[in-house]
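> Listed below, chain by chain, are the residues.
Number of protein chains: 2
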Amino acid sequence: MLSARMSSVVLVCAFLAGGSPLQADTPLPIMPLPAHMVEGTGSFPIDGGFQIVFQGHTEPRLERARDRFLMNLTRETGILHWPASSVNQPQFVINTAEPSAEVEQLGEDESYRLEVAPARVLLSAPNPLGILHGLQTFLQLVQTSPQGFAVASMTIEDRPRFAWRGLMIDAGRHFMPLDVIRQTLDGMEAVKLNVFHWHLSEDQGFRVESKVFPLLQQKGSDGLYYTQDQIRDIIEYARDRGIRVIPEFDMPGHATSWFVGYPDLASGKGPYRIERKWGIFDPAMDPTREATYKFLDRFIGEMTALFPDAYFHIGGDECNGKEWQANSRITQYMREHGIKDNAALQAYFTGRVQKLVTKRGKITVGWDEVLQPDTPKDVVIQSWRGQDSLAQAALRGNRGILSAGYYIDLNEPASQHYAVDPLESATVKLTSEQQSNIMGGEATMWTEYVTPETIGSRIWPRTAAIAERLWSPKETNGIDSMYRRLAIVSRDLEYYGQTYRSVSERMLQRMIGDVDSSSLKVLASAVEPPKEYAREELGNYDSFTPLNRMVDAVPPESDCAREFRDVANRIAIGKATPSDWQQARQWLTLWRDNDSVLQRYLPQSALTAELVSVSHNLSMAAAIGLSALGSLENRETVSPSARQGQLSSLKSLEAPHAVLLDMIVPGVEVLVAATR
Amino acid sequence: MLSARMSSVVLVCAFLAGGSPLQADTPLPIMPLPAHMVEGTGSFPIDGGFQIVFQGHTEPRLERARDRFLMNLTRETGILHWPASSVNQPQFVINTAEPSAEVEQLGEDESYRLEVAPARVLLSAPNPLGILHGLQTFLQLVQTSPQGFAVASMTIEDRPRFAWRGLMIDAGRHFMPLDVIRQTLDGMEAVKLNVFHWHLSEDQGFRVESKVFPLLQQKGSDGLYYTQDQIRDIIEYARDRGIRVIPEFDMPGHATSWFVGYPDLASGKGPYRIERKWGIFDPAMDPTREATYKFLDRFIGEMTALFPDAYFHIGGDECNGKEWQANSRITQYMREHGIKDNAALQAYFTGRVQKLVTKRGKITVGWDEVLQPDTPKDVVIQSWRGQDSLAQAALRGNRGILSAGYYIDLNEPASQHYAVDPLESATVKLTSEQQSNIMGGEATMWTEYVTPETIGSRIWPRTAAIAERLWSPKETNGIDSMYRRLAIVSRDLEYYGQTYRSVSERMLQRMIGDVDSSSLKVLASAVEPPKEYAREELGNYDSFTPLNRMVDAVPPESDCAREFRDVANRIAIGKATPSDWQQARQWLTLWRDNDSVLQRYLPQSALTAELVSVSHNLSMAAAIGLSALGSLENRETVSPSARQGQLSSLKSLEAPHAVLLDMIVPGVEVLVAATR
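Listed in order, the protein sequences are those of chains A and B.
Our numbering puts the first residue of the first sequence at 22, with every later residue one more than the last.
Our numbering puts the first residue of the second sequence at 22, with every later residue one more than the last.
Derived from the structure by calculation, the hints contain no laboratory data.
Ideal placement from N, C-alpha and C gives every residue a C-beta, glycine not left out.
Incorrect hints may have been included.
Stated by the list, open to error - Which chain B residues face chain A? A few, computed with CB under 10 Å, are given here:
#1 His-195
#2 Ile-509
#3 Glu-515
#4 Tyr-516
#5 Arg-522
Unchecked claim - Computed beta-carbon distance windows for the label pairs:
#6 Gln-76/B with Glu-631/A: 34 to 42 Å
#7 Ala-694/A with Lys-552/B: 56 to 64 Å
#8 Glu-257/B with Arg-294/A: 31 to 39 Å
#9 Gly-70/A with Ala-326/B: 35 to 43 Å
Stated by the list, open to error - Derived coverage of chain A by chain B (criterion: at least 3 residues anywhere in the stretch with Cβ under 8 Å from a Cβ of chain B; other residues may be distant):
#10 161 to 173
#11 558 to 572
With the rest of the complex left out, here is chain A (with noise of 0.2 Å):
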């Protein structure tokens, strides 16, 4: 609804800050941190006027990632034109010994060597592999300076630390279009990724087109599937960029959707649906009929030969083996065959499957619960239970990869996925070459509460620091470090084409109409969805229930809180500078003002009117930490009773309203508890 004009005063949490010159210690702005860096003197101007030159290898996808190299440094830099100049230019020189293999293998040589020096730049690596994440490394090295965009001269040697650094991303539970598929590789370019594990059925859709057994995605998918010729075309994208592409169908459970055109395949009796709800179902593949082997040999063969990487993952998790117990002919197939319980029958049914995989010349890959005691050594696990139950597969010489502390549709802070090392375990010693069964990780973005528009703010840029942990020494782990170079990576992907900054505000402006969004702005910036797995207590969500509440604008993690939180902590322990104490408060004035101003317009919309209480609740929690902060700063003592009355107040505003969590709150009990 329009009226007036007006304008407003808005608080930006930014973290892109300035307030004291140059530190001394400055991080280099990237991320992952290479592995090797020796600074130089001077610097290599980027001003439209160098030439990039190829020796050694060449090949047209080495061309193709100089092109948009120059396109994104010309994002990043607004300078439009590299014309092949002459010679006497200074000149980008970029040498390849060989070329990688014909589909890129697990365990290539990545590494690249990077000298920067003020009139040429030299980028060699074994082969196409270190060039791309050479490039990447120089795009996020240009820096503005009084002479204009420049790199510093320095020297890199970088080699990545393991040799799978995944992101999965399910397509199953909500549909992600290719354009949305394609802003993820660039970004995973950007931070050296180099597996896009691409969950493509479950039982809210079946993803993909087979020509084999259409009726998988003609009555499975909603007509919302990947034709092959588009599968092609992504895999062509993700290998450009130093990408493989690793395929899972998700069996025995998991599999509703295939069932809709195919209910032979089910234990139960159909007719099956495309299931709506979010969950754990009973719909489970039939591993007593020797029909369902016929049919997954045929549509193994089909997908192994579309999807060339040398691994296929066939998910494996979460089959709850009540269609089987409910089967009697299953039941009575299970007695006559010695199979004492499910996670037998599954195994069983792993076991079968991954022969029809190993006949297409692939390897295996499966969640934690394909590991059973008979489970082949060259089946690879992929762990969500955690870093123990991946190293008791290590232990036992499978080989694995790490998921459990990289699930970032939990809503997690970064710092405590970049905590996690997949080779750190609480329970089993591994010897150094039981390590190296440890392939690496992945982030999963698993889609239950994420569409294709908010999907970008929940991978980025928390994925930055997963991708750090992966390809970084195990000694880069710094959280001040890595929060202030996350913030320079984040404002860096939008160059490298992720809109997921810009989405969040049109989200925000969308839900409260034709006002100005600026208050509502405070109150997000305040606010962080609930963690692991609270939000499907907090509401009845289905495939149709819309994503457009300002749990699903604001990132999963908010800076400003954070900030707030350490300045907190700095008062509290008498370490704070006079700018915090003076910041602390006028975060803390603006979140108590700022309710009187939205509550003017929260019911004039339905997105905005639950929030309310979200308001109001901030308003108080920021009141009880001025009047804290007050006493702080005045040294005034404080009465247990009123300390105490504080900070219960404070224990019920901690619970979520909305669907969201207040996270000033910590910060002020802080506060609170540091008064006298």
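We have chain A; now place chain B onto it with these hints.
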């Protein structure tokens, strides 16, 4: 350069505002305003549950329009699924009487009728063009409410005032990639523009693949051209949106790029190189050789086959004739044939070329200059010289379209373009029959100072105001209503794929590097690019000059400065509200104090270093404004000499600094002049 975390308080000049509840005079949030509208009772809910039903004529274009409509509705609301649901759901009926012409014709019936009621929408039109327009109207009418998204009940009967409502893009000076063209067509559809005029050749580049004369693009484009397949795709894309595509090949001047590959076409000796500077240049086609017409005959044959529209633009502007005068063979020819001057020679050329166009069954369009005493009546005149020039053509019996007044590259305010009516002429009185020769108008986006990155903020949102002038009744002319609706449309355009607002923010961040950009945004909100052709006098520009400065990042028109002027005017005439006074003080204080923060960072980046004086001047102007505001508030008298000193200080601040105008100065001048 990364340094300490901070946050800052930013003024946002927000046009989407909500100080007061719904105003009685709130205009429909739509642009262009419909010709006729009657309000109903209740509203049609947008909740994902309605079904779109086609009646009457159907065609694939309508189905694609429906899919695009649903996608944009999803972006506007965040409501995802649109399953074909049960018949008890509300219905959205689209009734199309007949097909439109195979190739869209000028003057086809574009009318539609849109009836919105709580349980049903009926959109009907004589042909698909009206349906396309009606869908855009509906999208713009979607609003938030306490019950969710909805469109208020109403009946709209709508039709355009002018049949030719165009936007020209100059892809010659700066090549515009396909995604820019497509994005522009999306925006044109949203505001019901129906002609995309594609300026495809210039001194600086020849932008279409010719298979007959391949050296045109091979030597004349730096590799930046559209293939014929791409052109066909764009024509199809435009047709899907009810937009005709008219190509322009500028001749005989503005044609240097042709001569790089085909020097014999030219009147000079050559060799020719692609022009890198901006301006009017001497090279011109040789009108005296038959070979020129042979070439053009084959070329026009190829291009009229590629572009199906009935109209074909041959340019004809700004040929200075110097090459003709310098060539004795040409001057001799002129003498022999009684051609008295350059204008007559160009008229001869135009006449010959027009016959070649006519031979291919097309109608010739040209700029003002093609209108000469002998110009045939079926040549359409595009007037860049003014309304009088257009009226003269109409008087003579030539049809015409207006572009003078719609030059959006000149950075004029929307209100200025909005006030220009194609039918108004100060000097010529036309009969209504003569008036009917005036078919409409075209906004022109010349690209000397525009890149693919900045073109969005140059076109939008101001072009929506021009679109309204060309579509809506003449009586739709309230400036205040226009600006209020423009602010809403500007936001809506983001839902329809325009990214110019976030691009502008990205450019500001880029300028200042790894430092919080809040203070830079404050400065940006107070400045505008210089108007008309002032920029070319303020620097030395060519094709390679980066367009990444503040002048390129800020929109042509500052909402904030305009609002401040409005407030200052109300204060000056004694009609200010208390909130006006408070607002003025808040703004002026912010502008005054911003400089002290900003000066710390400006020297650190080459792109912000030039803003040192701009920021300082803004602070000075604001300080003068605050002083005047204080005098007015306290009814203090100001000595004539003090006031004169302030006014002359302000006068000196009117001059551009760093190619930027301080747009706060006029409002401050108003305040100072109002003091006693």
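> CB of Gly-70/A to CB of Ala-326/B, is that within 35 to 43 Å?
holds, 42 Å
> Given Tyr-516/B as an interface hint, is its Cβ closer than 10 Å to any Cβ of chain A?
It holds, given that the least Cβ distance between Tyr-516/B and chain A is near 8 Å, below 10 Å.
> Holds or violated: Glu-515/B as interface residue toward chain A, Cβ cutoff 10 Å?
holds, 6 Å
> Given as covered by chain B, does the region 558 to 572 of chain A meet the bar of three residues or more with CB within less than 8 Å?
As far as the region 558 to 572 of chain A goes, the hint holds, because 5 residues have Cβ atoms under 8 Å from chain B.
> Note whether the CB distance of Gln-76/B and Glu-631/A lies within 34 to 42 Å or breaks it.
For Glu-631/A against Gln-76/B, whose Cβ atoms are near 39 Å apart, the range 34 to 42 Å holds.
> Is it true that Ala-694/A and Lys-552/B lie within 56 to 64 Å of each other by Cβ?
holds, 59 Å
> Are 3 or more residues of the region 161 to 173 of chain A near chain B, judged by a Cβ distance of less than 8 Å?
Held - the region 161 to 173 of chain A has 7 residues with a Cβ nearer than 8 Å to chain B, which meets the minimum of three.
> Under 10 Å, Cβ to Cβ, is where Arg-522/B needs to be relative to chain A, so tell me if that hint holds or is violated.
holds, 8 Å
> Could you say whether the range 31 to 39 Å given as a hint is met by the Cβ separation of Glu-257/B and Arg-294/A?
holds, 38 Å
> Using the nearest Cβ pair, does Ile-509/B come within less than 10 Å of chain A?
holds, 5 Å
> Please verify that hint: His-195/B, Cβ, nearest Cβ of chain A, below 10 Å or not.
holds, 8 Å
Hint violations for this structure: none, all hints satisfied.
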